[in-house]
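K.L.:
Each chain is listed here by its residues.
Number of protein chains: 2
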Amino acid sequence: MITGTRAKLSVIVLQAFFQLFQVESVSFTPAWWVSAPCVFQSWFVKPYFNSFVTRTNTCGELRSAHVGQKVTLYGWVQYQRQGLFLVLRDFQGLTQIIIPQDEAHSHVKELLSNAPVESVVRVTGIVSSRPLGQENPKMPTGDIEVKAETAEILNSCKKLPFEIKDFIKKSEALRMQYRYLDLRSFRLQSNLRLRSQMVMRMREYLCNLHGFVDVETPTLFKRTPGGAKEFLVPSREAGKFYSLPQSPQQFKQLLMVGGLDRYFQVARCYRDEGSRPDRQPEFTQIDIEMSFVDRAGIQRLIEGLLQHSWPEERALIMTPFPSMTYEEALAEYGTDKPDTRFGMKIMDIGDVLRGSDIHFVQNALSYPHGSIKAICIPQGVVSDCSALGALRLFSASLLEAAGLALRDPTAFHFLWVVDFPLFLPKAKNPTELESAHHPFTAPHPSDASLLYSDPTKVRSQHYDLVLNGNEVGGGSIRIHSAEQQRFVLEKVLKEDSEVLSHLIEALEFGAPPHGGIALGKLLFLLNS
Amino acid sequence: MITGTRAKLSVIVLQAFFQLFQVESVSFTPAWWVSAPCVFQSWFVKPYFNSFVTRTNTCGELRSAHVGQKVTLYGWVQYQRQGLFLVLRDFQGLTQIIIPQDEAHSHVKELLSNAPVESVVRVTGIVSSRPLGQENPKMPTGDIEVKAETAEILNSCKKLPFEIKDFIKKSEALRMQYRYLDLRSFRLQSNLRLRSQMVMRMREYLCNLHGFVDVETPTLFKRTPGGAKEFLVPSREAGKFYSLPQSPQQFKQLLMVGGLDRYFQVARCYRDEGSRPDRQPEFTQIDIEMSFVDRAGIQRLIEGLLQHSWPEERALIMTPFPSMTYEEALAEYGTDKPDTRFGMKIMDIGDVLRGSDIHFVQNALSYPHGSIKAICIPQGVVSDCSALGALRLFSASLLEAAGLALRDPTAFHFLWVVDFPLFLPKAKNPTELESAHHPFTAPHPSDASLLYSDPTKVRSQHYDLVLNGNEVGGGSIRIHSAEQQRFVLEKVLKEDSEVLSHLIEALEFGAPPHGGIALGKLLFLLNS
Numbered sequence: 009m010i011t012g013t014r015a016k017l018s019v020i021v022l023q024a025f026f027q028l029f030q031v032e033s034v035s036f037t038p039a040w041w042v043s044a045p046c047v048f049q050s051w052f053v054k055p056y057f058n059s060f061v062t063r064t065n066t067c068g069e070l071r072s073a074h075v076g077q078k079v080t081l082y083g084w085v086q087y088q089r090q091g092l093f094l095v096l097r098d099f100q101g102l103t104q105i106i107i108p109q110d111e112a113h114s115h116v117k118e119l120l121s122n123a124p125v126e127s128v129v130r131v132t133g134i135v136s137s138r139p140l141g142q143e144n145p146k147m148p149t150g151d152i153e154v155k156a157e158t159a160e161i162l163n164s165c166k167k168l169p170f171e172i173k174d175f176i177k178k179s180e181a182l183r184m185q186y187r188y189l190d191l192r193s194f195r196l197q198s199n200l201r202l203r204s205q206m207v208m209r210m211r212e213y214l215c216n217l218h219g220f221v222d223v224e225t226p227t228l229f230k231r232t233p234g235g236a237k238e239f240l241v242p243s244r245e246a247g248k249f250y251s252l253p254q255s256p257q258q259f260k261q262l263l264m265v266g267g268l269d270r271y272f273q274v275a276r277c278y279r280d281e282g283s284r285p286d287r288q289p290e291f292t293q294i295d296i297e298m299s300f301v302d303r304a305g306i307q308r309l310i311e312g313l314l315q316h317s318w319p320e321e322r323a324l325i326m327t328p329f330p331s332m333t334y335e336e337a338l339a340e341y342g343t344d345k346p347d348t349r350f351g352m353k354i355m356d357i358g359d360v361l362r363g364s365d366i367h368f369v370q371n372a373l374s375y376p377h378g379s380i381k382a383i384c385i386p387q388g389v390v391s392d393c394s395a396l397g398a399l400r401l402f403s404a405s406l407l408e409a410a411g412l413a414l415r416d417p418t419a420f421h422f423l424w425v426v427d428f429p430l431f432l433p434k435a436k437n438p439t440e441l442e443s444a445h446h447p448f449t450a451p452h453p454s455d456a457s458l459l460y461s462d463p464t465k466v467r468s469q470h471y472d473l474v475l476n477g478n479e480v481g482g483g484s485i486r487i488h489s490a491e492q493q494r495f496v497l498e499k500v501l502k503e504d505s506e507v508l509s510h511l512i513e514a515l516e517f518g519a520p521p522h523g524g525i526a527l528g529k530l531l532f533l534l535n536s
Numbered sequence: 009m010i011t012g013t014r015a016k017l018s019v020i021v022l023q024a025f026f027q028l029f030q031v032e033s034v035s036f037t038p039a040w041w042v043s044a045p046c047v048f049q050s051w052f053v054k055p056y057f058n059s060f061v062t063r064t065n066t067c068g069e070l071r072s073a074h075v076g077q078k079v080t081l082y083g084w085v086q087y088q089r090q091g092l093f094l095v096l097r098d099f100q101g102l103t104q105i106i107i108p109q110d111e112a113h114s115h116v117k118e119l120l121s122n123a124p125v126e127s128v129v130r131v132t133g134i135v136s137s138r139p140l141g142q143e144n145p146k147m148p149t150g151d152i153e154v155k156a157e158t159a160e161i162l163n164s165c166k167k168l169p170f171e172i173k174d175f176i177k178k179s180e181a182l183r184m185q186y187r188y189l190d191l192r193s194f195r196l197q198s199n200l201r202l203r204s205q206m207v208m209r210m211r212e213y214l215c216n217l218h219g220f221v222d223v224e225t226p227t228l229f230k231r232t233p234g235g236a237k238e239f240l241v242p243s244r245e246a247g248k249f250y251s252l253p254q255s256p257q258q259f260k261q262l263l264m265v266g267g268l269d270r271y272f273q274v275a276r277c278y279r280d281e282g283s284r285p286d287r288q289p290e291f292t293q294i295d296i297e298m299s300f301v302d303r304a305g306i307q308r309l310i311e312g313l314l315q316h317s318w319p320e321e322r323a324l325i326m327t328p329f330p331s332m333t334y335e336e337a338l339a340e341y342g343t344d345k346p347d348t349r350f351g352m353k354i355m356d357i358g359d360v361l362r363g364s365d366i367h368f369v370q371n372a373l374s375y376p377h378g379s380i381k382a383i384c385i386p387q388g389v390v391s392d393c394s395a396l397g398a399l400r401l402f403s404a405s406l407l408e409a410a411g412l413a414l415r416d417p418t419a420f421h422f423l424w425v426v427d428f429p430l431f432l433p434k435a436k437n438p439t440e441l442e443s444a445h446h447p448f449t450a451p452h453p454s455d456a457s458l459l460y461s462d463p464t465k466v467r468s469q470h471y472d473l474v475l476n477g478n479e480v481g482g483g484s485i486r487i488h489s490a491e492q493q494r495f496v497l498e499k500v501l502k503e504d505s506e507v508l509s510h511l512i513e514a515l516e517f518g519a520p521p522h523g524g525i526a527l528g529k530l531l532f533l534l535n536s
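Line by line, the protein sequences are chains A and B.
Counting along the first sequence from 1, when you hit position 128 you're at 136 in our numbering, and nothing is skipped either side.
Counting along the second sequence from 1, when you hit position 514 you're at 522 in our numbering, and nothing is skipped either side.
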């Protein structure tokens, strides 16, 4: 709680902070306001890992400045050598522990010399400088060692099914069976912590800086029409089922109708379509919805969100992100999620070849919309060049295998893809239309009248966020007119609008214009 | 992203902040570190609600200082009077809009005079002082009004099923059917926002200040033995089911074995036992687990967490919270979740009556452990006084109905209840034992040897957090020895330990001592 004195002091510092910024002639505008607190926060708040426990330090913390201090560490035995020293590990790092050799500490020597690898140990001792020449510059704690005075084996470890070292390849099945051992590796620890921190910074941006409200929506929901990929959950009433929703789409739209104005949720979603390496039956998305917003508003929000939360140790990301229409993406990259880290665009060379006498070329060009396209591959290592979009990526892989650095794995190329078609012909019956994304997507304002005359030509207000060739987010401005929503469902999609009557009715009771986005695979891609 | 200059400035301010505290002779200890950043943060970060949209202000924002400014507001028509003015509402408040009466603005007058209540409107106009004597001191924006210049009806509202006013009582069924209209009320808006802010501050405390890692654990899980109240989810494999877990208990223990050290999650949990006003099939708990911690450590953590996140407008909460043993709670309050806002404790008056010649008293006292107990009720309004624990609460209700202020509804009396029994006789078969809480609870260190000789006498390391007579949290120090866990399951509880073999095996691979807690009903109780 804020005591009077503390609150007063905070206000003083607040003023000092403003003054410093004014000296640097950074004006106090909302834009500044938006970016400043994050800077302060990331510098000011360093987690304190030793609160509420009796350890004095973590195993990654001790430096020369601690020499002479009595410390208590808790950790796992990484390895032990000949009863002389052992290395203790926790989530933050490694510390070398010197096992005492004198008679007075024979009990400590006995304990530590016989503790199996990965046993859990408490050690109390004195921080000392390592003898000259024995420092380890590769180890953050490599200047010191701890001379053990007392020790306790808190839990002994039986023989491991595999070694807990990052460079040791384990079978996937073994890693899954002993997931808790796998988690002790530096890589998985760091992935979990990176995810937690990044989501925390996203929350700060949305909640603290921009007034978004974190609302948890139910996951035991009624079935969505056409939601074939939903898990069903039998209820206590015979023959009645809940379903686990694929996204909180309907809930977040209803929250906008409820006047919430700015909603977000780190939302658990479910999709019953079997597991794949990049797709799991349950997954999480950063789910966002705003009232009174247009496409550009959502795009600036997301660019700011990613800049704010991007890990400091990764390559900087520049905003605004470039934007490309769906049509351009298909024409130049043969896909709606282009990897823009490298060129090799698809080019139309029909005009060049139109005068040639190559028979199959002339034949292809003779059809309506007939064209001949090509990709220019630098240093033509590959002789086969017979397809487009997917081939471009395949060629990149081949070129990289041959030693050409095409796609920088540390670069992050974000791209907006916009102006998707609102409807697509159904795969099974091309005379009927289905939503390119979902039936709540609003038509492009320039094409609104086409909705009633030629719906196949209507572009939507859907936008995808693409990162290095992966779709990492997608959203749209939604339909907020009950009449337009009913027309889309009944007349264009030929669906029974009754199953969505609760949503359509909500639109009739003063639904604000609104739109949103969901960020999905982003966190997955960031992990190393 | 942090630019060099900003980072440097932040460091300067950081030093200034320390110096201020040193002047006030508050030493720089971990305890201070823990509480200081929150103070700064709550003063520094104010959400900016108008980013990414074209409104200049919310409807709760304008004051005399804004007079003369041209503003754009978006909101819902709260009411409209005779074509002269209307009140516009959004999530932040109300603003009075003056409808122009001159010919040049006849279109605006036409629009605004005919907009049905709860229609969504954009208004641009000039902020003006209200005429002298027409200010409304009850309204935060009551000093000003906005003279509309342009307006747009963004969505018209059809006739409402009920008025959106807090004082109008609606039937529960109608409120649920039109939940999005109910959400527009001040009370529900404020509840949702309070919850979001409080959880955000909890996250700051856990993640930013104390290094807890937010880990999302799966909800499609295998069935827990004895988990009769779990929802089942059919998988794609015939005859195989997932279950939706009642808590992430097993996952968080495995994360500790994985060396995560400090875990938290705002965790969705499921319990298939039908709906009740204070219990729903899905609910959320603040789920916490730590390694190398004892009961006192968890208690101090939670006290700090609640102080940090407690809404500023509610009564202060004092720490440390008082603590009471299970035995004391039952003896003095007749319940393991005492409401300590009022006295009326149960007293043993056996000794006083032992010398009396009242037959039934003597009879009761003649049994082994026989006793006579009483409650002292002030100003004895109630003549019937025939039962204990529940009666105490019932008496309090009766006394309050008779006008006696016993339980302050604005007071928050937290209480730890500790030293629960580890096992209880099964209700259906009292010769067998079941876990008082769950089979992973560690025995009290003083009673550890009793586990093998007389398990009925063993107290546990379980702790409950009680607020005003409601259990709002519970947790324990867990068993971290595989041998002890196997003994409890097989020898005491007579259960098949095979179904928990994954957990027992994990304890064999260097599981650290660990414990945790889950806070459940807290948020529910805070809502007004």
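Think of the hints as simulated: they come from the structure by calculation, not from any bench.
Every residue gets a Cβ at the ideal spot worked out from N, C-alpha and C, and that includes glycine.
Some hints here could point you the wrong way.
Unchecked claim - A few chain B residues facing chain A, derived, Cβ under 10 Å:
#, residue
1, 106
2, 190
3, 195
4, 212
5, 230
6, 334
7, 338
8, 463
Said to hold, decoys possible - Capping the alpha-carbon separation at 27 Å, the derived lysine-lysine pairs in BS3-like fashion look like this:
#, chain 1, residue 1, chain 2, residue 2
9, B, 237, A, 166
10, B, 54, B, 237
11, A, 502, B, 166
12, A, 178, B, 502
13, A, 345, A, 499
14, B, 502, B, 353
15, A, 248, B, 248
16, A, 436, A, 237
17, B, 529, B, 345
18, A, 499, B, 502
19, B, 499, A, 248
20, B, 499, A, 167
21, A, 230, B, 237
22, B, 529, A, 54
23, A, 117, A, 178
24, A, 465, A, 381
K.L.:
Would you mind marking each hint as holding or not holding in the structure?
P.N.:
Results of checking the hints against the structure:
| no. | hint | result |
| --- | --- | --- |
| 1 | 106 | 22 Å, violated |
| 2 | 190 | 8 Å, holds |
| 3 | 195 | 13 Å, violated |
| 4 | 212 | 8 Å, holds |
| 5 | 230 | 13 Å, violated |
| 6 | 334 | 23 Å, violated |
| 7 | 338 | 29 Å, violated |
| 8 | 463 | 23 Å, violated |
| 9 | 237/B x 166/A | 35 Å, violated |
| 10 | 54/B x 237/B | 43 Å, violated |
| 11 | 502/A x 166/B | 26 Å, holds |
| 12 | 178/A x 502/B | 37 Å, violated |
| 13 | 345/A x 499/A | 31 Å, violated |
| 14 | 502/B x 353/B | 39 Å, violated |
| 15 | 248/A x 248/B | 19 Å, holds |
| 16 | 436/A x 237/A | 18 Å, holds |
| 17 | 529/B x 345/B | 13 Å, holds |
| 18 | 499/A x 502/B | 64 Å, violated |
| 19 | 499/B x 248/A | 41 Å, violated |
| 20 | 499/B x 167/A | 26 Å, holds |
| 21 | 230/A x 237/B | 21 Å, holds |
| 22 | 529/B x 54/A | 30 Å, violated |
| 23 | 117/A x 178/A | 33 Å, violated |
| 24 | 465/A x 381/A | 25 Å, holds |
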